[in-house]
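4 protein chains.
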Amino acid sequence: MPGNSFGQTFRITTAGESHGPANVVIIDGCPAGLALTEDDFLIDMARRRPGQSHIVSQRQEDDRVEVLSGTYQGKTTGTSIALLVRNEDARPKDYAGLQDVYRPGHADATFDAKYRLRDPRGGGRASARETVARVAAGVVAKNMIAHLNHIEIVGCVAQIGNILAALPSPDILRVDDVERLTDGSANIVRCPDHAAAAKMIELIDQVRKDRDSIGGVAHFVARNVPSGLGEPVFDKLKADLAKALFSLPAVMGVEMGSGFASATMRGSEQNDLFVPSASGLHTSTNHHGGTLGGITTGMPLVMRVAVKPTSSIPRVQTTVDSHGDTADLRVTGRHDPCLLPRFVPIGEAMIAIVLADHLLRQRNAKLVDEVR
Amino acid sequence: MPGNSFGQTFRITTAGESHGPANVVIIDGCPAGLALTEDDFLIDMARRRPGQSHIVSQRQEDDRVEVLSGTYQGKTTGTSIALLVRNEDARPKDYAGLQDVYRPGHADATFDAKYRLRDPRGGGRASARETVARVAAGVVAKNMIAHLNHIEIVGCVAQIGNILAALPSPDILRVDDVERLTDGSANIVRCPDHAAAAKMIELIDQVRKDRDSIGGVAHFVARNVPSGLGEPVFDKLKADLAKALFSLPAVMGVEMGSGFASATMRGSEQNDLFVPSASGLHTSTNHHGGTLGGITTGMPLVMRVAVKPTSSIPRVQTTVDSHGDTADLRVTGRHDPCLLPRFVPIGEAMIAIVLADHLLRQRNAKLVDEVR
Amino acid sequence: MPGNSFGQTFRITTAGESHGPANVVIIDGCPAGLALTEDDFLIDMARRRPGQSHIVSQRQEDDRVEVLSGTYQGKTTGTSIALLVRNEDARPKDYAGLQDVYRPGHADATFDAKYRLRDPRGGGRASARETVARVAAGVVAKNMIAHLNHIEIVGCVAQIGNILAALPSPDILRVDDVERLTDGSANIVRCPDHAAAAKMIELIDQVRKDRDSIGGVAHFVARNVPSGLGEPVFDKLKADLAKALFSLPAVMGVEMGSGFASATMRGSEQNDLFVPSASGLHTSTNHHGGTLGGITTGMPLVMRVAVKPTSSIPRVQTTVDSHGDTADLRVTGRHDPCLLPRFVPIGEAMIAIVLADHLLRQRNAKLVDEVR
Amino acid sequence: MPGNSFGQTFRITTAGESHGPANVVIIDGCPAGLALTEDDFLIDMARRRPGQSHIVSQRQEDDRVEVLSGTYQGKTTGTSIALLVRNEDARPKDYAGLQDVYRPGHADATFDAKYRLRDPRGGGRASARETVARVAAGVVAKNMIAHLNHIEIVGCVAQIGNILAALPSPDILRVDDVERLTDGSANIVRCPDHAAAAKMIELIDQVRKDRDSIGGVAHFVARNVPSGLGEPVFDKLKADLAKALFSLPAVMGVEMGSGFASATMRGSEQNDLFVPSASGLHTSTNHHGGTLGGITTGMPLVMRVAVKPTSSIPRVQTTVDSHGDTADLRVTGRHDPCLLPRFVPIGEAMIAIVLADHLLRQRNAKLVDEVR
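Here the protein sequences come in this chain order: A, B, C and D. Mapping to numbering that gives the first Met the number 0: the first sequence position 325 is 324, numbers consecutive. Mapping to numbering that gives the first Met the number 0: the second sequence position 148 is 147, numbers consecutive. Mapping to numbering that gives the first Met the number 0: the third sequence position 361 is 360, numbers consecutive. Mapping to numbering that gives the first Met the number 0: the fourth sequence position 20 is 19, numbers consecutive.
Some hints here could point you the wrong way.
[As the list claims (entries may be wrong)] Facing chain D, a subset of chain B residues (Cβ under 7 Å, in silico):
1) Thr8
2) Gly32
3) Leu33
4) Ala34
5) Gly77
6) Thr181
7) Leu359
8) Arg362
9) Ala364
10) Lys365
The hints are simulated quantities; they were obtained by calculation from the structure and are not laboratory data. Remember, it's a predicted structure, so these values are computed and weren't measured experimentally. For glycine and all other residues, C-beta sits at the position ideal for the given N, C-alpha and C.
Given these sequences and hints, build the entire structure.
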């Protein structure tokens, strides 16, 4: 049973290597009638694109999305949607020496263990290049959930190394503060605490000079999510969100709501009390992070994701080759000294896909649905 | 698309409410030829059972597993295996007043939002009672992965409230230290740091007296896991493990390897260096927690799981009823003041099911498999 | 990837052997709010039951369905529904000599080829006993599609041996004529052409006396099926119906609409012309059998199913044993001389499950659905 | 739950419209190590191609397959394989008048019923153009099953209109006789009874002159299929084959082995007797068509498929428009007067995909598999 599909009702299937001809995604299950054109992809593809600032990988990709099927006259038709993104700035020669040497922290060794052969060019399928297909699919998902429920997903950087940002509450975290500084220029590190953002950029510059990399934490909020989403007992919304986020390269941890802080809490602290509200369920606090019993309450979804430092560092490391012999290695190629800035749109895409899937799945929870 | 199945190739489907007649699991995809009898279930069912010590729920359940199909003369036949566990000490009357009042931290409100009607007896399907079916299925999974690869899964309690245990390394964490104290008596809190264990029990006793509950962290290790397990790009092993654990009641966070600590690490620290080894891949450290690129390296899998304090606390809380009006509520019924001791076998079961599934899936990674 | 589940959104998973303790089905995805009690199962279980007349197997089974989960106060709750049917008149000793000898036309040899071991008692999982779980699930499906769309499924026997029935048109085929003769007594062969029915019974009596068995054709109609059901390009409604019917024991052929007769037709004959109608799509003829492009038109679904003669015949046949050596065999046990009368409710159940699944799937074809 | 994927372990997902930019298929689950280059697609794409002879559609398509991912240095890597086929001779203007008028026998009306909007150009997704993706995927499946088990699939035309071919036995049906006449020229109708073939061509020429079309029956054989394939109780091999074939456009009936002729047979005739054989299971006759209990015996698989006459006929027909009003219609565009010659490679592709899927699924039937 293969692993290149995600979602049940809004279902994506991806293919593509880092230095092959193209990346592709087929979206199956998008309902008919959704407005969708190739221009819709521009913003998120640009947010994910390498080369967008001096603190990310300098690979230059246009990442234009071609819609091959599933739309007619600017609307989805209900048939499967194929999206194609060509690889343009591939430099497979950068990886010439890596066929037989296992880069530390990389999947070279495990792909060999799994498949016995692999495409060594830029990590092949194990490269974060594959996330281009996820972000493309995420645009369709975002369009759909915005259209149906005005759902808004906002991601940002909460921590890089030891620099912690002070974040606004989930109700008021604004995309503008994540994408732009107060002077209107690009917030290249995507941290809404602009003072912390400056320090983060400094730190990233420093680790790059040190031929090193640095980890961090991303923070995600989803607002206007209706109550009732999530399918017990295995496809709880928190479970599918955790899978979606852990399926991304470099993710080492995921928290919902109060997360690991719950370990030190008493029930009388942790329990969010329900309070009367004109607009459905409402709790006075949001330690639960938006789901109870794995089903959404209608309160904002709040997630935190730990991202490890980039494994590719341009310094000599000791490792083994495919014969098990010791080898020294200096990784070449173009890499991000810190993954967090580009992780933001990628994480958002996966959250959008999960919500799109569960919005559709929820249509079948009741025999007759007066709300539709 | 419903949510009561988990796994692709080794696939479980469960049904059952807290105070209905029974819980059932059908395991589909267990290969023919595995030794399996009803006695195999005794140990893990006893480890999960309420009433096993004074620090857990006092509901008394025998939890005998009846094998309804799929075995012949003590071996699996390859056909689907149905396991039945009757509910015996159900006391639906304990929940008489809860039909219309939403317990804080519980799924009453979200089930109503989702389905418009629900079984209020003990939380119905949202009760942790459903994990009895997971543990039963986990026994079959554990048998299979032990038989095929000598895989060993050991869970324990790492933290309760502010009490942190000093844990042995993943290579030497022993089931005996988790289940028994040095005097041979039961380690009722399942923490291998026996000094910390004593303090944890004290804390749990205290919160119970306070009519409150307390959270904690569970720690899991899987050893002898062969390299190569995990299906990029969505069904990475870490992704399926995270989903499995997040699908459990009360889970708020999951970490693999260095987890959230990765945020402050540099690549030169985080990268585990490969070293020559007679037995396949080996790294000098294990920050990666057993997977790279979502595929197992062969190093021990290491996971940590944050579990929130029990939502049911026997004190008056303010909440709303199903009409949205304010109501005061004192939850009755029999509940655990701390979920962690019984969480250990439940988490192990889910990890075992994921590994059973991926061991079988890995059989199809290569065209010809000389290793089988 | 195991094979004991069917359906995507309304999904059933079954388990159970012919002479094991019980058969079980878990239905996942039945929406909340459907009226369902244990009495609902009585009629179809009686129609499927062995021992119902002198022309079927004389095994005596009460086939009472126990609802283990998924309902509360007589309504489905949206959680998974487990149904249990105990085996009561199992006589495993009847099969004592069959462990090592392969019955002609049976799955003994292929189960051994597949799994290397098998439960020989009454064919184990390969026995038609497993259809008891399908019929139980079919009752829930029938209830749901009747409630939502007044869909009515009527099956009957169209042919046994060379005796062909004259069937009423799909619009007017009545359950009463299938289940009752004009004098009110049971129509034990389920053929609505009562003159043909008498001859069929005679033929079945004859083949039983001859220690032989006989094949036939079943005919199925589904009315009030809304237009729009079916999911191109692989899960066309005709494709899922064909799979559902071919998954049943002894089925050798399936036709939709004009079926094999289409081979000799010209397009100008085969094409059903659309005609104006007050109630949606309507065609002047129904060669298409209810679907175009794999999607329902709203015209009645019409299917024919070829069922082979029972493989178990109480006469000596030459075969081989599990070592490949020649052996003579006389099959014992209790068997139907003709499968058709009991096939009718079984085929109806599978059709109902397909329609229940596709009715729910269709809810997600459009972004906004004004019709619900 | 969408319908554009097929197969479980060897899984294909397709997208593409008749007159959109391209058709795409992603194959997920093809094991690593299979030789595969773009040249491998040439033969079957040419066999399926329109314009290949004067008795098929005159649309001119090169149908070159571009491999976008999943291979490295001429071998599959185990990652998902994306195949792209551009549409080149699209003439959407041919369909200008068809937006609002429902062609008899076509899916225009049902797509409108399902999705409320549709791509009218050449039938959009409902066109047989989508089978180009199936045939491309079928090439990979054929390569795999030939490599692993020397499985050989041979399809041919058995009947067109009232002209019935005398077919060689399944053991000796040769591709050469299907593809070439004795003089070495192309057997454009793909009937191995060359005398019948000549009459069939004559008939097809006649119906085209009559502005009409004609149906027929295709016959398929699969040889060297190992015993043990098929997953009871729902994914029996016969069930998955039936679904695969019924998912194809214009298919109205499917038979396995003796098919509808079984209706008139007695058990003593129908039962194929097992006979000793050096090479596994063997039966003296093959009425069962290659499966018992839905699992392969090792005898040749034998299937027959009824294909209706092309719905598009270039004569005036009376129909309705999307408002339900009567309209006269003369279908334009380029169409096959008989679908059978091009159906042969398409049916083979679907059978190959089913066998590839089940060959991989069978690897998990037993705990330890000594045969691999």
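Worksheet item: Which hints from the list above does the structure break, by number from lowest to highest?
Response: 4, 6
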